[in-house]
Amino acid sequence: MLISTHPGLGSRSRSRRGYAFTAALTAAVYGGVAPAAAEGVSPIAAGGDGGVRPTVVLVHGAFADASSWNGVAERLQRRGYTVVAPANPLRGLAGDSASTADVLKRITGPIVLVGHAYGGAVISGAAAGNPQVRSLVYISAFMPDTGEALGPLGSRFPGSELGTALRRMPVRNADGSRGTDLYVQDSRFHDIVAADRPSASAAVMAASQRPLSAAVFEDMATTAAWRTIPSWALVATRDKVIAPDLERFEARRAHSHTIEVNSSHMVMVSRPDTVTDLILAAAGEPATVHRPLAAPGTRTLVLAVIGSAAGLAVFVGGGLVTAVRRRNSFGR
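For the sequence shown, our numbering assigns the number 237 to the initial residue and increments by one for each residue that follows.
FYI, nobody ran anything at the bench for these hints, they're computed from the structure. Heads up, some of the hints might be wrong.
[Said to hold, decoys possible] No farther apart than 16 Å at their CA atoms in a straight line, the calculated lysine to aspartate or glutamate pairs in the EDC-like style are these: (1) Lys476 with Glu496; (2) Lys476 with Asp509; (3) Lys476 with Asp432; (4) Lys476 with Glu397.
[As the list claims (entries may be wrong)] Computed beta-carbon distance windows for the label pairs: (5) Glu310 with Thr382: 33 to 39 Å; (6) Asp338 with Gly412: 23 to 29 Å; (7) Asn409 with Thr382: 22 to 28 Å; (8) Gly415 with Val288: 40 to 46 Å; (9) Gly287 with Arg314: 18 to 24 Å; (10) Asp509 with Arg392: 28 to 34 Å; (11) Pro447 with Arg392: 21 to 27 Å; (12) Arg484 with Gly412: 39 to 45 Å; (13) Gly316 with Gln421: 40 to 46 Å; (14) Thr344 with Arg463: 22 to 28 Å.
For every residue, glycine included, the Cβ atom is placed at its ideal position computed from N, Cα and C.
Based on the provided sequences and hints, a complete structural model is requested.
Structure representation (structure tokens):
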């Protein structure tokens with residue numbers, strides 16, 4: 237074994253060891269930064285189709301359009317899911333369910349089917365007989381059983397104030413017959429539909445609301461897909477459109493995996509993270525895994541500064557030790 241006694245060579249060796257240690261320390265510190273940049277992201281759980289992620293189909297409810305799902309759709313897409321948010325015609329339960337069923341038939345692979353409010357009744361019919369639909373998610377929704385109409389079902393429990401807030405408009409249907417379209421009165425929209433949203437936001441929703449045919453409250457459900465397909469349900473405890481006690485009753489009847497959220501009827505707008513979590517659970521991911529993806533922010537910068545400072549300290553310290561030993565060697 238050769239041992240060098242040359243002071244310069246020994247100093248260079250010690251310096252190299254110091255640099256190596258600095259590099260290792262810096263790598264260790266910066267190694268802690270990487271998880272922070274992806275904080276809250278966990279691997280997608282493998283599904284029953286060889287790990288294929290399901291397509292998530294988001295069906296909106298009455299007085300709304302597909303844009304009501306924007307916040308949830310964005311979060312799901314960021315997680316790597318394919319999202320489809322079709323237009324719900326709002327013309328009648330049978331026709332709306334058939335329209336949604338046609339959308340489902342064009343999708344390849346497993347499906348998580350989500351419905352909000354009246355959209356819950358629609359998905360209960362649309363999913364029937366489609367083996368690709370692996371789970372149903374009801375967000376402050378109607379979940380009628382076979383033979384039930386939404387009007388009597390909605391009045392089964394107290395708590396809904398929708399009936400007193402509706403504006404009725406006579407219309408001529410496509411076949412020439414007369415009908416009635418329903419809107420929520422602009423002056424009542426904030427309190428009834430979106431009380432936990434800013435009044436300006438609710439005013440925009442009110443101005444852009446789509447009409448609902450009054451016939452939907454008389455149409456009877458011909459099937460209830462939740463009887464054969466696993467379901468998840470969210471109860472909005474401040475809902476004034478569908479009574480929270482009705483939402484609880486429906487969820488218990490369907491044996492749904494249920495959560496309760498302190499929210500208005502438009503929970504997917506006011507609480508998109510929570511709604512996304514429930515959909516992810518229905519897709520096979522662990523519960524409560526969704527959090528906004530963390531961008532490199534304060535924590536990342538702090539760790540970077542600490543890493544740089546630590547590396548500099550070791551580098552300077554190594555240099556001082558080398559200088560002292562050189563001086564001592566020259567003094568001999």
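Okay, the hints, checked on the actual structure:
Distance hint between Lys476 and Glu496 is fulfilled; the C-alpha atoms sit about 15 Å from each other, no more than 16 Å. Of the pairs offered as hints, the one joining Lys476 and Asp509 is violated, with about 22 Å between alpha carbons and a cut-off of 16 Å exceeded. At most 16 Å may separate the alpha-carbon atoms for a hinted pair to count; Lys476 and Asp432 meet this at roughly 12 Å. In summary, the hint linking Lys476 to Glu397 is supported, as the alpha carbons are separated by about 5 Å, within the 16 Å threshold.
Separation of Glu310 from Thr382 is about 35 Å and conforms to the stated range, judged on CB atoms against 33 to 39 Å. Between Asp338 and Gly412 the C-beta distance comes to about 25 Å, which sits within the given range of 23 to 29 Å. At about 26 Å, the CB distance of Asn409 to Thr382 agrees with the hint of 22 to 28 Å. Against the hinted window of 40 to 46 Å, the Cβ-Cβ separation of Gly415 and Val288 comes to about 43 Å, which satisfies the hint.
Between Gly287 and Arg314 the beta carbon distance is about 19 Å. The supplied range of 18 to 24 Å therefore holds. Checking the proposed 28 to 34 Å range against Asp509 and Arg392 shows it holds: the Cβ atoms sit about 31 Å from each other. The supplied range of 21 to 27 Å is met by Pro447 and Arg392, whose beta-carbon atoms lie about 25 Å from each other. Between Arg484 and Gly412 the Cβ separation comes to about 42 Å, which falls inside the hinted range of 39 to 45 Å.
Hint check: Gly316 to Gln421, Cβ distance near 41 Å, so the stated range 40 to 46 Å holds. Checked against the hint of 22 to 28 Å, the C-beta distance between Thr344 and Arg463 comes to roughly 26 Å, which is consistent with it.
The structure is inconsistent with hint 2 alone, although it conforms to all the rest.
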